Amino acid sequence: MPEAVSAEVRDHVATIAFGAGQRLNALGTHQWEELGRAARKLANEHSVRAVVVRGRGGVFCAGSDLREWEHASADQMTQSLGVMEQALQAIEDLPMPTVAVLEGIAAGGGCQLALACDLQLAAASARIGMPVSRLGILVPPSFAIRLAMRIGPARTKDLLYSGRLLPAKEAQDAGLITTAVPDGELDAALAQLLDAWADLDQPSLRAAKAAVDDGFRPLVERVRGEPPGPAVDPQQFPQRIAAFLHRHGQPGSYRPGGQG
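For the sequence shown, the working numbering gives the first residue as 423, with consecutive numbering after it.
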């Protein structure tokens with residue numbers, strides 16, 4: 423079985439891969455830590471011109487592995503959410519262009535991981551969204567702002583209120599992802615994108631990324647600086663997660679609506 427998180431550099435392109443396709447690649451706290459560590463290490467690799475983030479086994483990521491949260495205290499759940507956020511920020515802070523490759527689903531934390539990348543390249547059958555309200559998970563401002571900067575406040579609220587997972591084409595039309603391609607053409611589309619970047623001046627690409635990001639930095643830094651609130655609704659979460667894990671907790675039986 424492949425290691426949970428790996429970072430491999432080939433032809434000046436780094437690929438951060440995670441999961442093994444089981445449980446829709448829902449990541450435990452340790453895996454989020456590994457993901458953040460891999461990104462922070464790559465940030466200092468000046469020869470790397472692009473970073474690809476993708477899940478193994480034909481699926482991106484269903485968010486956090488909520489089995490860890492079933493018997494956790496409120497403080498432990500808040501800490502777990504904080505570890506996830508640190509990993510997402512490490513991806514966002516990479517100085518080189520980044521692209522998330524989406525297959526299967528990108529739900530909850532998986533959606534946030536996709537949005538932490540500059541671009542999102544998705545197979546037509548992929549779905550993306552934030553179904554966290556179904557479990558009583560309280561959306562932190564950092565999660566909301568990633569959505570709102572892409573699709574605006576109203577669409578963000580609609581997505582959070584409904585908990586819907588958007589098909590790739592609808593997500594592209596809404597501005598939530600960059601490009602949707604037929605399922606069998608995902609790797610070819612990724613190769614074409616990376617080849618196009620290879621022909622461009624690399625310092626210019628990094629400067630372009632920094633110029634865009636710097637425009638939003640005051641807002642992002644303000645949100646990042648806010649003290650973390652509670653991770654879950656203590657009245658609803660214990661019953662909701664117990665019911666969810668009872669229905670979908672066996673390996674291979676997870677469904678897209680359940681991860682944080």
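No lab work stands behind these hints, which were simulated from the structure alone.
Careful: at least some of the hints might be erroneous.
Under the rule of at most 30 Å between Cα atoms (straight-line distance), these lysine-lysine pairs were calculated in the BS3-like manner [unchecked claim]:
| hint | residue 1 | residue 2 |
| --- | --- | --- |
| 1 | LYS591 | LYS631 |
| 2 | LYS463 | LYS631 |
| 3 | LYS579 | LYS591 |
| 4 | LYS631 | LYS579 |
So the derived label-pair ranges between C-beta atoms look like this [said to hold, decoys possible]:
| hint | residue 1 | residue 2 | range |
| --- | --- | --- | --- |
| 5 | LEU541 | ARG462 | 37 to 47 Å |
| 6 | HIS434 | ARG577 | 31 to 41 Å |
| 7 | ARG628 | GLY443 | 28 to 38 Å |
| 8 | PRO625 | ALA664 | 33 to 43 Å |
Model, not experiment: these values are computed from the prediction.
Cβ coordinates follow ideal geometry from the N, Cα and C atoms, glycine included.
Do the hints match the structure? See the list:
Between LYS591 and LYS631 the alpha-carbon distance is near 25 Å, which keeps this suggested pair within the 30 Å criterion. For the suggested pair LYS463 and LYS631, the alpha carbons sit about 19 Å apart, so the restraint of at most 30 Å is met. Restraint check for LYS579 and LYS591: the C-alpha separation of about 20 Å stays at or below 30 Å, so the hint holds. With a C-alpha separation of about 27 Å, the suggested pair LYS631 and LYS579 falls inside the 30 Å cut-off, and the hint holds.
Against the hinted window of 37 to 47 Å, the Cβ-Cβ separation of LEU541 and ARG462 comes to about 21 Å, which falls outside the hint. Separation of HIS434 from ARG577 is about 36 Å and conforms to the stated range, judged on CB atoms against 31 to 41 Å. Distance hint check: the CB atoms of ARG628 and GLY443 are about 33 Å apart, consistent with the given range 28 to 38 Å. Checked against the hint of 33 to 43 Å, the C-beta distance between PRO625 and ALA664 comes to roughly 53 Å, which is inconsistent with it.
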